[in-house]
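Number of protein chains: 2
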Amino acid sequence: MRETWVAGAATNRYGKMAETGREAGSRVALEAIRSAGLEPKEIDLTFVANAFGIAEHQAHVGPLVNTALGIPEVPSATIESACSSSSAALHEAYVHVAGGFADAVLVVGFEKLSHLDTLAATSYFAIGADYPYEAHNGATFPGLYALMANAHAQRYGTSEAELGAVAVKNHANGALNPHAHFQKPISPEIYRASPVVASPLRLYDCCPFSDGAAAVVVTARERFPHPAAEPLVVRASVRAGSIGDIQDRSTLTALPATRRAAERAFRTAGIEAGRIGFFEVHDCFTIAELIALEDLGLFPPGAAGRATVDGITAHDGAHPVNPSGGLKAKGHPVSATGVGQVVEIFEQVNQRAGGRQVPRTETALAHNVGATGSSCSVHIFGRR
Amino acid sequence: MRETWVAGAATNRYGKMAETGREAGSRVALEAIRSAGLEPKEIDLTFVANAFGIAEHQAHVGPLVNTALGIPEVPSATIESACSSSSAALHEAYVHVAGGFADAVLVVGFEKLSHLDTLAATSYFAIGADYPYEAHNGATFPGLYALMANAHAQRYGTSEAELGAVAVKNHANGALNPHAHFQKPISPEIYRASPVVASPLRLYDCCPFSDGAAAVVVTARERFPHPAAEPLVVRASVRAGSIGDIQDRSTLTALPATRRAAERAFRTAGIEAGRIGFFEVHDCFTIAELIALEDLGLFPPGAAGRATVDGITAHDGAHPVNPSGGLKAKGHPVSATGVGQVVEIFEQVNQRAGGRQVPRTETALAHNVGATGSSCSVHIFGRR
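From first to last, the protein sequence lines stand for chains A and B.
The first sequence stops at residue 384 when you use the numbering used here, and every number in between is there.
The second sequence stops at residue 384 when you use the numbering used here, and every number in between is there.
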């Protein structure tokens with residue numbers, strides 16, 4: 001396998017986009033290519049993630065992005081894996097480059113849903129789960145994650161204060177991130193006063209619907225040895241699956257796909273969770289961050305809530321988690337999310353993260369989940 | 001690169017499915033795995049193609065197929081490239097196996113649209129083109145391909161009789177294929193009597209909307225050296241792109257993406273078009289088959305129509321094209337189509353094609369187009 005880098009990265013500010021997805025995606029893609037010190041004509045292959053292009057009446061968007069970049073002849077494909085679409089696309093890019101099939105691959109994810117009403121947006125999201133068994137019976141994502149939160153509370157005593165600590169931390173980080181959808185800190189009081197969406201999850205336990213676009217460029221070290229910025233070395237790129245509908249799983253307090261992917265990723269990279277410098281994890285709901293940190297092995301089952309309350313996962317804590325603000329505060333433009341996590345890691349490694357800069361950037365981990373965990377991607381990055 | 005095989009293949013009968021896409025896809029996937037002499041637990045990775053899952057309220061369908069197969073832990077992703085979705089998925093499978101990332105990869109494509117009315121189905125199809133420039137202004141696929149047909153006629157004198165000869169040939173082949181949507185031959189008189197859809201294209205110039213499912217299993221020779229059936233050796237797996245909207249292209253009488261992909265595929269495989277035993281090409285409209293054969297270099301520009309009239313591309317002709325019946329008569333369940341072409345090649349190579357059996361099966365080529373050719377996949381297969 002060839003040494004494979006993330007050599008460039010860019011994102012827009014998540015939130016509400018006036019431009020179309022393809023416009024935002026093409027612009028951010030160009031920025032990512034330039035940040036690597038490359039030109040579009042050096043790109044061999046493009047992977048796009050845009051799970052809900054139907055909301056803009058547009059599928060097959062790779063040729064449109066490539067045409068906008070002036071490289072229409074370059075092959076492209078769209079990768080979909082619900083909320084883990086762009087990390088799945090990143091994995092494909094890694095395989096092409098590490099395997100010697102391409103030297104420079106563009107991965108761009110974008111989503112635009114803000115022009116829809118909330119019911120329509122929720123309906124689109126819900127088709128990422130097992131529709132006939134879940135959404136068709138009224139169980140959309142807030143309800144499904146609420147079931148996990150209740151099971152976790154019953155088994156480990158996870159408290160409202162612990163869930164709230166995740167929200168407060170991630171909003172504090174988002175307030176320091178100019179790319180974040182929400183850039184205002186919240187207090188525990190504000191969290192507790194927010195309405196219940198699906199008990200025990202309150203409004204501030206839930207990530208928002210966001211528009212957004214993010215892109216990275218994946219390159220072969222041997223072909224492009226002198227990038228314009230400090231690259232991320234891909235130490236592990238692993239994906240795993242799980243039963244789709246949560247009713248058929250043997251546990252509601254863990255995501256089996258995270259455990260599988262993490263175990264293989266740590267083995268491949270030869271590192272343990274405790275030695276990772278910082279984490280970007282999939283906190284679509286506060287409970288999801290706690291479960292992720294336990295599945296990844298950073299904390300024992302049931303211990304992530306206490307660690308969060310104690311500040312261990314703050315951006316200046318011993319084990320920073322979601323310094324970007326996470327899905328919770330940076331936002332969750334579905335198909336931008338996975339690549340957007342890597343953009344944050346790229347900015348941290350290049351010491352461009354301003355007030356949210358984490359102390360240790362030698363290694364970092366990105367964890368991105370599809371639906372309620374029926375797909376999961378784990379990427380571990382190191383330094384040259 | 002490791003020698004990579006298509007070691008198993010299966011399809012259902014295209015047409016109208018009573019079962020859901022995921023049910024049909026899972027069943028056909030299991031048949032494909034068994035036809036390779038494997039069990040589901042030997043699958044390392046699943047790629048699904050299902051471009052219009054939205055029509056069944058279901059995205060992220062890989063985990064659902066894997067769960068049905070009893071292998072929920074296996075990673076999966078959905079690949080979309082409009083009508084070339086499943087050949088794009090096959091290419092990803094090839095890269096994973098040839099590059100040593102996986103030993104056995106399932107590729108399954110399926111589509112179900114027959115429960116929608118024709119306008120809704122056409123609207124879904126249309127988002128595969130460049131929506132704001134084309135479908136939004138009323139140019140859906142029949143109109144776009146009619147523009148190409150008119151340009152081709154103006155430049156080369158392509159006649160109604162030549163277009164009709166493609167339809168008559170492919171319906172004759174479909175009549176011999178138990179998997180085909182249409183299994184009735186048509187006469188030139190029936191062709192000429194059919195109504196105009198978009199001049200010069202008549203009803204019988206157009207492929208149907210079909211439901212359907214098709215699957216193949218891609219394996220590493222070194223890991224599974226004794227398949228249950230005669231495998232296809234992947235000699236070339238190449239994809240290319242082109243400008244999305246046809247108004248911006250320099251030609252309407254050729255698909256630049258086909259030319260690019262074919263040139264590289266022939267070079268990789270070390271073979272010329274004239275020496276290929278038979279072809280499955282993307283005949284979404286009759287004109288598309290003629291343009292494909294010219295772009296692939298089997299005939300000079302403008303000569304494919306005459307060759308078709310002369311019977312050269314009949315299943316017992318010198319250069320058989322679409323012995324399956326093609327999209328035209330076998331049918332076009334969008335995301336099953338690309339893999340379905342390979343199923344036909346697998347059946348031909350294993351001498352299971354009955355009355356449509358072609359004489360020379362040492363090499364074969366599959367050509368699959370996304371939209372009006374903004375994406376194209378070319379696969380060349382050989383024998384052990």
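No lab work stands behind these hints: they were computed from the structure.
Even for Gly, the Cβ is constructed at its ideal location relative to N, Cα and C.
Don't take every hint at face value.
[Unchecked claim] Chain A regions said to be covered by chain B (calculated; three or more residues, Cβ under 8 Å):
#1 57-64
#2 183-195
#3 202-210
#4 227-241
#5 334-340
[Claimed, not checked] Okay, the calculated beta carbon distance ranges per label pair:
#6 A:Gly311 with B:Arg34: 30 to 36 Å
#7 B:His57 with A:Ala161: 36 to 42 Å
#8 A:His57 with B:Ala161: 35 to 41 Å
#9 A:Tyr133 with B:Thr122: 29 to 35 Å
#10 B:Val196 with A:Ala18: 55 to 61 Å
[Claimed, not checked] Some chain A residues judged to face chain B by a derived CB distance under 10 Å, without partners named:
#11 Ala121
#12 Ser123
#13 Gly138
Query - Violated hints - listed by number, lowest first - result: 2, 3, 5, 6, 10, 11 and 13
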